[in-house]
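**Student:** Following the hints, complete the assembly by docking chain B onto the known chain A.
So the sequences go chain by chain: A and B. Just so we're aligned: 147 in numbering that gives the first Met the number 0 is position 148 of the first sequence, and the numbers increase by one with no gaps anywhere. Just so we're aligned: 69 in numbering that gives the first Met the number 0 is position 70 of the second sequence, and the numbers increase by one with no gaps anywhere.
Since the hints were derived computationally from the structure, they do not count as laboratory data. Owing to the predicted nature of the structure, the values given are computational and were not obtained by experimental measurement. Among these hints, one or two may not hold up.
Reference listing, derived: stretches of chain A covered by chain B, where coverage requires no fewer than 3 residues with Cβ under 8 Å from a Cβ of chain B [stated by the list, open to error]:
hint	stretch
1	84 to 94
2	145 to 152
3	155 to 162
4	245 to 251
Don't be surprised by glycine CBs; every beta carbon is placed ideally from N, CA and C.
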Amino acid sequence: MAVQIIQAVAFFAALIGIWEYGSRSLWWNPVLVPSPLDIGKYVIAKTGDGELLSSCWVTMKRLMLGYIVGIALGIPLGLLTARFKFANNTLGVIALGLQTLPSVCWVPLSLLWFGQSEKAMLFIVVMGTLWAVLLATDHGIRQIPPIYRRAASTMGSSGFHLLWHVLLPASLPHLVSGTKQGWAFAWRSLMAAEIYVTVLTGYGLGHLLHYGRELHAMDQVAAVMLVILLIGFAADKAIFTPWERFLRRRWGLSV
Amino acid sequence: MSLQDELLNAPPAKLQVDHVSKSYVGNRQTVQALDDVSLSVGEGEFVCLLGPSGCGKSTLLNLIAGLEFPDSGFLSADGEPITGPGRQRMVMFQEHALFPWLNVTDNVLFGLNLKPHLTTTDRLGVAKAFLEIVGLTPFANASIHELSGGMKQRVALARALAPNPQVLCMDEPFAALDAMTREQLYDDLQKIQQKRRKTVVFVTHNVREAVCLGDRVLLFTPRPGRIRAEFKVDLPRPRDINDVAVAQLASAITAELKGLLQQSDAS
Chain A
0 MAVQIIQAVA FFAALIGIWE YGSRSLWWNP VLVPSPLDIG KYVIAKTGDG
50 ELLSSCWVTM KRLMLGYIVG IALGIPLGLL TARFKFANNT LGVIALGLQT
100 LPSVCWVPLS LLWFGQSEKA MLFIVVMGTL WAVLLATDHG IRQIPPIYRR
150 AASTMGSSGF HLLWHVLLPA SLPHLVSGTK QGWAFAWRSL MAAEIYVTVL
200 TGYGLGHLLH YGRELHAMDQ VAAVMLVILL IGFAADKAIF TPWERFLRRR
250 WGLSV
Chain B
0 MSLQDELLNA PPAKLQVDHV SKSYVGNRQT VQALDDVSLS VGEGEFVCLL
50 GPSGCGKSTL LNLIAGLEFP DSGFLSADGE PITGPGRQRM VMFQEHALFP
100 WLNVTDNVLF GLNLKPHLTT TDRLGVAKAF LEIVGLTPFA NASIHELSGG
150 MKQRVALARA LAPNPQVLCM DEPFAALDAM TREQLYDDLQ KIQQKRRKTV
200 VFVTHNVREA VCLGDRVLLF TPRPGRIRAE FKVDLPRPRD INDVAVAQLA
250 SAITAELKGL LQQSDAS
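Here chain A stands alone, though its shape is the one from the complex (with noise of 0.2 Å):
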């Protein structure tokens, strides 16, 4: 562990000094490629008077509402494509379809039905997320062995118990890979839209990146970028690590 921080933290700390000097020693144009440091003062700058913070609130909680409404909408709708044959045929159809849909396809038409307006983001993250939880659930349910079923009915389980104490856990492994890649989903429907779109009640991470180009800010380009890569990577460690190693633990290394 403390061989792979150090290797980490050296790697990291020779390619930010290459970067400082390259950008010092002009083997670029500091316009196109800002230095390290630039970076460091806009996002001290821009944490300093909000603006950052007040962007990266904008965005989380489109993205949080979404991706709840998503899961929300996405479980229960799996499991009744699992249990019954007429809604397999027909939504889990649809949801085959519209999970080959990149989700920023969806941006025209949200924009037409809801206009430049927080719906209209929302309406893109549940079409990021809903479909890959859906799929997820739904597959879950299917690859159950059916041994479990017919241990928990021999011990008295039936209908919400069942569903509850056995089919949802049994199916763990399905849903958190399946909201895992919802979540990614979502993460880059929201930030195509955010970039794409502008909705006057807020100000996202997405237009932060869109105005800085406009304005020729690369650092400002660059340092959301960064804020956005290290949101993905919070969430992930904090969202999806502790389930995984509870799978781990409980299901072995097999999962």
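**Tutor:** Only chain B this time, still in chain A's reference frame:
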């Protein structure tokens, strides 16, 4: 009921199977898994269903457990028709069927939690007691994947016993284990059965296992699945699978089984 029956004053049958038939419709052919099978199992009796694979013995067990239903005929437990799985009849499968998302104790608690009129403390106490019986107290908090095959089957046994069912249906529960572990489990199972007086229906294709464990051994032959012979085993308990008397009876039954199989192949 005849005068003879009345005078014998036999205890009421725990499980009653009357003229049960069951077939499975496949793509190419219909398989007659059970053909007009009748049997009755007494309270506290240990009955082994013995036969080659595909003879319908597991089907019969599933019918008794209420996991499947017969095409014709009638099954009852304590005089009540079997209409579905019930807590009074617990099943132990060939695969352990333990839930990987729960630790050992929580697996044993699963059936107990579904049993009404118990406090949480009682349930935990019962679970601990059964883990003690199967010798797994040190692994109470372990994950299932950390256990060996034999330990998993012990947890499955504890899980099946914990809700205190009257009948235990066991479908080749030790078939996937190595010989040493299996012999240990024969001892454990006999001890538990003697102590708790469970009615056990035990499916196996291992003749010695049947003789070692059963009070009665029912011989099945396949296509169609029928009970062809019945053996009473009066050897003293606890029995050892390597005991000479067990081996002798087992070879007699094996000879009979071979004869029956040849007969049914010829016909």
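**Student:** Against each hint, give a clear statement of whether it holds in the structure.
**Tutor:** We went through each hint and held it up to the structure:
| no. | hint | verdict |
| --- | --- | --- |
| 1 | 84 to 94 | violated (count 0) |
| 2 | 145 to 152 | holds (count 6) |
| 3 | 155 to 162 | holds (count 3) |
| 4 | 245 to 251 | holds (count 4) |
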